[in-house]
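So the chains spell out like this:
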Amino acid sequence: MSLVLEGVSRTVGGEVHLEDINLTFERGEFNVLMGLTRAGKTTLMRVMAGLEPPSKGRVLEDNVDVTATPVQKRSLGMVYQQFINYPAMSCYDNIASPLRLAKLSKAEIDRRVRAEAERLGIDHLLDRMPLEMSGGQQQRCAMARALVRDAKLILLDEPLVNLDYKLREGLRAELRELFKDRDTVIVYATTEPEEALVLGGKTAVLHEGRLVQHGLTAETYRNPATVTVSQVFSDPPMNLIEADVRDGRMVVGGLLDEPLPAHMSDLAPGSYTLGVRPHHLFANSVGAHGIDLAGTVEVAEIAGSVTYIHLEVGGHDWVVLERGVHMVHPGERFNVHFDPARLYAFDHEERLVASPATERG
Amino acid sequence: MARIELRNLGHQYAPGGDYALQPMQHVWEDGGAYALLGPSGCGKTTLLNIISGLVAPSEGQVMFDETDVTHTRTEDRNIGQVFQFPVIYDTMSVFDNLAFPLRNRRMDEAYVSQRVQHIATMLGLEGALNRRAKNLTADAKQKISLGRGLVREDVSAVLFDEPLTVIDPHLKWQLRRKLREIHEQLALTLVYVTHDQTEALTFADKVAVMLAGQVLQLGTPQELFERPAHTFVGYFIGSPGMNFMECTVDGSQAIVDGEHITVDPAMAEAARQHGGSLQLGIRPGLIRAAGEGESGHRVQVHSVEDLGDYQLVTGYLGNHRVHVRLDESEKIGSDGLQVVFPTENALLYADDRLVG
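Sequence lines, in order, name chains S and F.
Those letters in the first sequence? Residues 1 to 361, by the numbering used here.
Those letters in the second sequence? Residues 1 to 356, by the numbering used here.
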């Protein structure tokens, strides 16, 4: 099926939660809703599910208006942040519960529960009670219950956020496989860019209740349409600095005065916001064509296999991503180097006007 | 401030039962920042509770400098504590909240005021001192809790129990930065419990990685990344974790499914001496693609994840699953990937322990 949101708005007590959202999700597609906390992701999912009515606009399933159809009459599976299972039922009975409500035969229920449990790697835990299972296992059980009835629409609201990072790593790689061949609309909300990239498919970026970009996930990441997207759909956010473009040069007062790189040579004179990604900044020189900027260390965050070095550069917070573990201390001088071919440029209305060529075909 | 010494410290919740904490021997230096890192159930919270006095160990001693505090009550241990959730008085102003631990000890009001100002400035709370704590955001409240834990100069140590749990992910780095600055500016002995590697490695000079009641390794972030002492440390630190492949050793070569990988000769010798179950360990980001004309090992590619900044390849070296982290610009041929395992990054493990 397809799910279409037509001009969906939702206002609660004068506060705008969603503003004129237009989106189409196709069957068999994997869809990510990306945004910061309180961007409107959960509200949008609740509107899609029929749990909350939109103040304006319509929800269509296969061209049928279902805006007023209550959640009980929808074909829907939902997974939440919290691991929600019936505590007094075994894992088996939890997964079987929606099938029993649908009055399937006992043999059919058994076949489907076991098949779904196997896909999620919990077939050996079917006799356990939820509280006898780890957090990761409980969430797998909740997912199996949402998936088992082959609902037309499956909504997952940050399902991995309450798992620790090792479980998250394992499960998110599995999820893509798990959703691959399902004939259903899948929508997955997350705040984490890396999760969106692992899951692939299409991404809709929400910010303050509005849809700010919608497209193929990797393409959206590489071509953020606005400054907002460059901040929301990037972890750490893209580094930004204001520059003037004139006479074929880009100038940041007192910090930088360099010729425009080829991909920015068509820019009209004026003021722009330049952006560069944390992993395109280096502690060491990148060669004769490279640009150097002086910074001061604020903190080095060590994330196991990479180090995020937070800097103050020309009054802006910048982050350098270095592979491996690097010890630097607050207050130290730190010069960053980058290739100007890696720069993004946004115009005075914060719209993308130049992005680096993709190196890979 | 004090040096903390754990002398043959161990704990069983029931006599004769399993050890929640295996007997251990550690000295934590005065003014050092230590993190206890591990999955749930590893014993990190039990260890923190023993240091704070909430739990009395079934064996061994806790020493603060030369004083045995094993059976001293929490309130008499002279420690600052910060918990997962803000512990503050909603009806009091931010100033009064920060002043509370000092006034409780009948400190001079001029000193209280000066000290509160100092801590508030450090935490970026100086503009909010006269506000009621009640209507502040969760992260501002947690900053006040941090301030309350840090405001006394005369404490032996400050203990943190997962203090960033309630903080919005996008604000966490700012508080990590605060914590790091606090450590560098105040000469405090700090002990920090977390299950999050980034928090532990960012905050601490030394991290104790724990599993099943044992400290598997106490090391600097660099040591934990470059030379994990145990396969679990290799797995738990880093995303994704270290690759481990069963191997045999011949001369200075580790042999994985017929592939010969050169390792440090002394390490190879030590592994042979030790015997047992041998594994070759290497970090996904420390494997590199072979250059033009360079001989390498063939990894059969199963999947490639485009993670924006980098590509994560999941593939097979013989029958062994291996992750390789490649730059976004690296091209991957359809016939697989030729990789090099640099000798300095290829480590040998015997019965899960690093050899040599």
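By construction, these hints were calculated from the structure, which means they are not laboratory data.
Since the model is a prediction, treat every value here as computed from it, not as a measurement.
Where a beta carbon is used, it is the ideal one built from N, C-alpha and C, also for glycine.
There may be inaccurate statements among the hints.
Said to hold, decoys possible - Straight-line C-alpha distance at most 20 angstroms; calculated DMTMM-like pairs for lysine to aspartate or glutamate:
1. S:Lys166 with F:Asp352
2. S:Lys166 with F:Glu226
3. S:Lys202 with F:Asp352
Said to hold, decoys possible - Cβ-Cβ distance ranges computed for the label pairs, FRET-style:
4. F:Gly318 with S:Asp292: 39 to 47 angstroms
5. S:Ala288 with F:Asp65: 56 to 64 angstroms
6. F:Gln12 with S:Ser134: 20 to 28 angstroms
7. S:Tyr86 with F:Ala110: 53 to 61 angstroms
8. S:Gly324 with F:Ser334: 45 to 53 angstroms
9. S:Gly135 with F:Ser334: 22 to 30 angstroms
10. F:Glu75 with S:Ser271: 14 to 22 angstroms
11. S:Glu177 with F:Asp257: 47 to 55 angstroms
12. F:Phe83 with S:Pro330: 37 to 45 angstroms
Tested hints:
no. : hint                                       : result
1   : S:Lys166 with F:Asp352                     : 19 angstroms, holds
2   : S:Lys166 with F:Glu226                     : 19 angstroms, holds
3   : S:Lys202 with F:Asp352                     : 42 angstroms, violated
4   : F:Gly318 with S:Asp292: 39 to 47 angstroms : 45 angstroms, holds
5   : S:Ala288 with F:Asp65: 56 to 64 angstroms  : 57 angstroms, holds
6   : F:Gln12 with S:Ser134: 20 to 28 angstroms  : 23 angstroms, holds
7   : S:Tyr86 with F:Ala110: 53 to 61 angstroms  : 60 angstroms, holds
8   : S:Gly324 with F:Ser334: 45 to 53 angstroms : 30 angstroms, violated
9   : S:Gly135 with F:Ser334: 22 to 30 angstroms : 39 angstroms, violated
10  : F:Glu75 with S:Ser271: 14 to 22 angstroms  : 60 angstroms, violated
11  : S:Glu177 with F:Asp257: 47 to 55 angstroms : 25 angstroms, violated
12  : F:Phe83 with S:Pro330: 37 to 45 angstroms  : 26 angstroms, violated
Hints 3, 8, 9, 10, 11, 12, counting from the list given before, are not met by this structure.
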